[in-house]
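Whenever a hint applies, use it, and build me the whole structure from the sequences.
Quick mapping for you: the protein sequence lines, in order, are chains W and C. Oh and the first sequence: position 100 is 100 in the numbering used here, straight run, nothing missing. Oh and the second sequence: position 66 is 66 in the numbering used here, straight run, nothing missing.
Hint data in this document are derived by calculation from the structure and do not stem from the laboratory. In this text, a Cβ means the ideal position worked out from N, Cα and C, and glycines have one as well. Take these hints with a grain of salt, some might be off.
[To be verified] For lysine-lysine, the following PhoX-like pairs were computed, each having C-alpha atoms within a straight-line distance of at most 20 Å:
(1) Lys85(C) to Lys50(C)
(2) Lys294(C) to Lys16(C)
(3) Lys7(W) to Lys291(C)
(4) Lys16(C) to Lys305(W)
(5) Lys60(C) to Lys126(C)
(6) Lys294(C) to Lys22(C)
(7) Lys16(C) to Lys19(W)
(8) Lys308(W) to Lys395(C)
(9) Lys7(W) to Lys311(C)
[Stated by the list, open to error] Which chain C residues stay away from chain W? Per the calculated CB distances, all over 12 Å, these:
(10) Glu93
(11) Asn118
(12) Pro415
(13) Arg436
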Amino acid sequence: MVSDTQKLIISPSPHLKAKDTVGSAMRDVFIALLPVVAVAIYFYHVYAAFLIGVCLVTAVLTELLFRKLSGKKPTLHDWSALLTGLFVALLFTATTPWWKAAIATFIAVGIAKELMGGLGWNRFNPALFGRVAMILLAPIFAFVDDWFAPLATYMGSVDVATQATPLAMLNAGMEMPPLGQLFAAFPGGALSEVSPLALLIGAAYLFYRKHITWHIPAAMIVTVAVLTLIAGENPLYHLFTGGMMIGAFFMATDWVTSPFTDRGKLLFGACIGILVVIFRVGLSPTEGVAFSILIMNAFVPLIDKAMKRPSFSEPRKQTQAS
Amino acid sequence: MEVKTFQGGAHIPHFKSYTEDKPITRLSPPKEVIVPLLQHMGAPCEPLVKEGDKVEIGQKIGDSEETFSAPVHASISGTVKEVGKRTVPTGGEDDCIVIEADDGPQEFEMKQIRDPQNIDLEEYRKCVREGGLTGMGGAALPTHVQVKYNEQVDTLLLNGAECEPFLTCDHRIMVEKAEELVRGAELMMNSIGAKRTLFGIEVNKPDAIEAVNELIKDRDDMEVVSLAVKYPQGFKSHLIKAATGRDVPRGARSAELGCIVRNVGTTVASYEACVYGKPLIERVVTVSGPKVTKPGNYIVRIGSPISHILKECGVEELENHKVVIGGPMTGLAQPHLEVPVVKSSTGVIVLPPDMTREWMEYTDCVRCDKCVEHCPMMLYPNQISIYAEAGLHEKAEEWDLMDCIECGICSYVCPAARPVVHWVQRAKPEIQKLQRSRK
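Encoded structure:
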């Protein structure tokens, strides 16, 4: 019998909801990074695993701390802190002192995200912000290095970690390793730079799950390819080295810090591409992609406004006859 | 086959398999009906009966002198038990006439009183008004208001899209009552002076398309427009855009665009009102949901409390469920079961806790742009939701909040589960105030 005492739920329409959540999407990005994590651990063994572990733990603790301080509920279940931690780790080289990565993670999660109002309100990509902060604040951290030096852990030797990064080799005009090897897996540089192939596999998963669209990566890659070609260099070397791949598919496509519309995304990607080439061809080679994305992050509100599409109800100048 | 559609929108699981093959059947009349005096857009009716009066099925029990109104009729024979406030499906309480059934016959006698070939415009308009016809697809506009000759109108567009999940009442009407539908369309087309009739039907109802096509294949003034299966295809603006290619600028009435849009159920009911003198006292309602034992498309008396309907359909466990009148995207969740179905109630949908959006709490917007991608109005629900939530109405207006048709796609796709439609509904009257103060 239907009784009057049964409690019915009342709330506004719509009553149905797609199963996707912020947490499931962030988890998917985490999953998409696993191939490159695997390659990094293959090359750098325990160094990579340790660095990633430090960053994940720091990210979680930082979020808990800042949420506690601001009196908000912890949101670990949205995977955002863990993802930022993983991103930060992947932006460093394997032999980076662990406290540097920890401080970068603290800045990324604590300052670039939580202090900005939490996930959704951050204007800058938190992981890149944390990474770049460490570069800009390097002089300050020089003495921090001294404090922490006794805590350095020796985890066996890793020969590959000491060799020049492919991007540095490119800039120094050294003989480059074969492109195929560079594309598949080649150690040197940050953890995320070891294998464009692994990153592309992850990116394919993100496309499949519809978390990212082609607009930003395509605009970025095409712009870099065309401009480096004009500059007389082999575009493929530029695409397969440094932060280009993780930047194009994982960083610039960050939901929170990229424009709304397809047109906006194309413009955003193209501008990042132009900046990357300026940094790489004209200026110092390190972290050009990171700087480029962060600079364009600042322009996102402007792009969103400028690229606003007309409403369906906006009267058109010429009305079509059927 | 050419399939037409519009930009944006989303494919939402349609859950129609519960009832799409269930033939329309009659539900036994309830012991008591609650007939609201306002079931349409416009002025409410004044009661024509008082407590203790005997009423016959089909008798007019409420009417208004206003043009923008439609009378209401007794859907069962019996005694008026009360004229007073009851909960209505649009939310809150409103004046209703409560009728208790007596033992007499409870079926409306269908006998032909007019020859469909021979009805003039004036007579048609009168029948539609006196029959209390209103839009049965949701908007509930009094039908007679639109039934007038208008030189500009060249197209009668019949809405058989039925894009809301679960609902199949229009689908079954098109399949089972195709003949009345086509005849009703002809009456309406002639009465408004339109040159052609388009039947807009989503392609997930091939049997409906076939049934209508079979009847109109020799006519060159009627045509089926196959529509892509996409929500919200059945919204008037998007139906016009898809079927005729015409833009629908804000503020424009569809007559100015040369189209009159009609729901297929309304078309059949207006035919019956003309030919049989049958007022709008019952309608086809889809009763559905994963846990409804006997889901189906039922002819239900206007004013039947949903408790009666759910009991007949074998629904027992309702703790923490949602009972929605209308479709699950735009319908209203009801606070209790003594709420009546009215002329515009397309469905009674019972949603178990794991299907409703309450399974997660909403969070801040993460700018994923899924709402922007799917918004059929080409708006920015993400921006709108942030401004409307914060009460920044001027900013929300800048981002075209007033153009929102409240279809609910944004909230449906939102990974942060933001109740965008709720905030939009809250902000609209505030923005209207702002707009008036500027004049």
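Tested hints:
Between lysine 85(C) and lysine 50(C) the alpha-carbon distance is near 14 Å, which keeps this suggested pair within the 20 Å criterion. Distance hint between lysine 294(C) and lysine 16(C) is fulfilled; the C-alpha atoms sit about 14 Å from each other, no more than 20 Å. For the hint linking lysine 7(W) to lysine 291(C), the alpha-carbon distance of about 16 Å falls within 20 Å, and the restraint holds. Under the criterion of a C-alpha separation no larger than 20 Å, the hint pairing lysine 16(C) with lysine 305(W) is inconsistent with the structure, at around 40 Å.
Of the supplied pair hints, the one linking lysine 60(C) and lysine 126(C) holds, its CA atoms being roughly 14 Å apart against a limit of 20 Å. Between the alpha carbons of lysine 294(C) and lysine 22(C) the distance comes to roughly 10 Å, so the proposed pair stays at or under 20 Å and holds. Taking the CA atoms of lysine 16(C) and lysine 19(W), the gap is near 19 Å; set against the 20 Å cutoff, the hint holds. Distance restraint check for lysine 308(W) and lysine 395(C): the Cα-Cα separation of roughly 14 Å lies within the 20 Å cut-off, and the hinted pair is therefore satisfied.
Taken as a hint, the lysine 7(W) and lysine 311(C) pair is honoured in the structure, with Cα atoms around 17 Å apart against an allowance of 20 Å. Look at glutamate 93(C): its CB is around 15 Å from the nearest CB on chain W, clear of 12 Å, so calling it non-interface holds up. Distance to chain W confirms asparagine 118(C) as a non-interface residue, since its nearest Cβ pair spans about 32 Å, more than 12 Å. Consistency note on proline 415(C): stated as away from chain W, yet its beta-carbon is not over 12 Å from all of that chain's, at 5 Å minimum.
No Cβ of chain W approaches the Cβ of arginine 436(C) within 12 Å, the least distance being about 20 Å, so the stated non-interface status holds.
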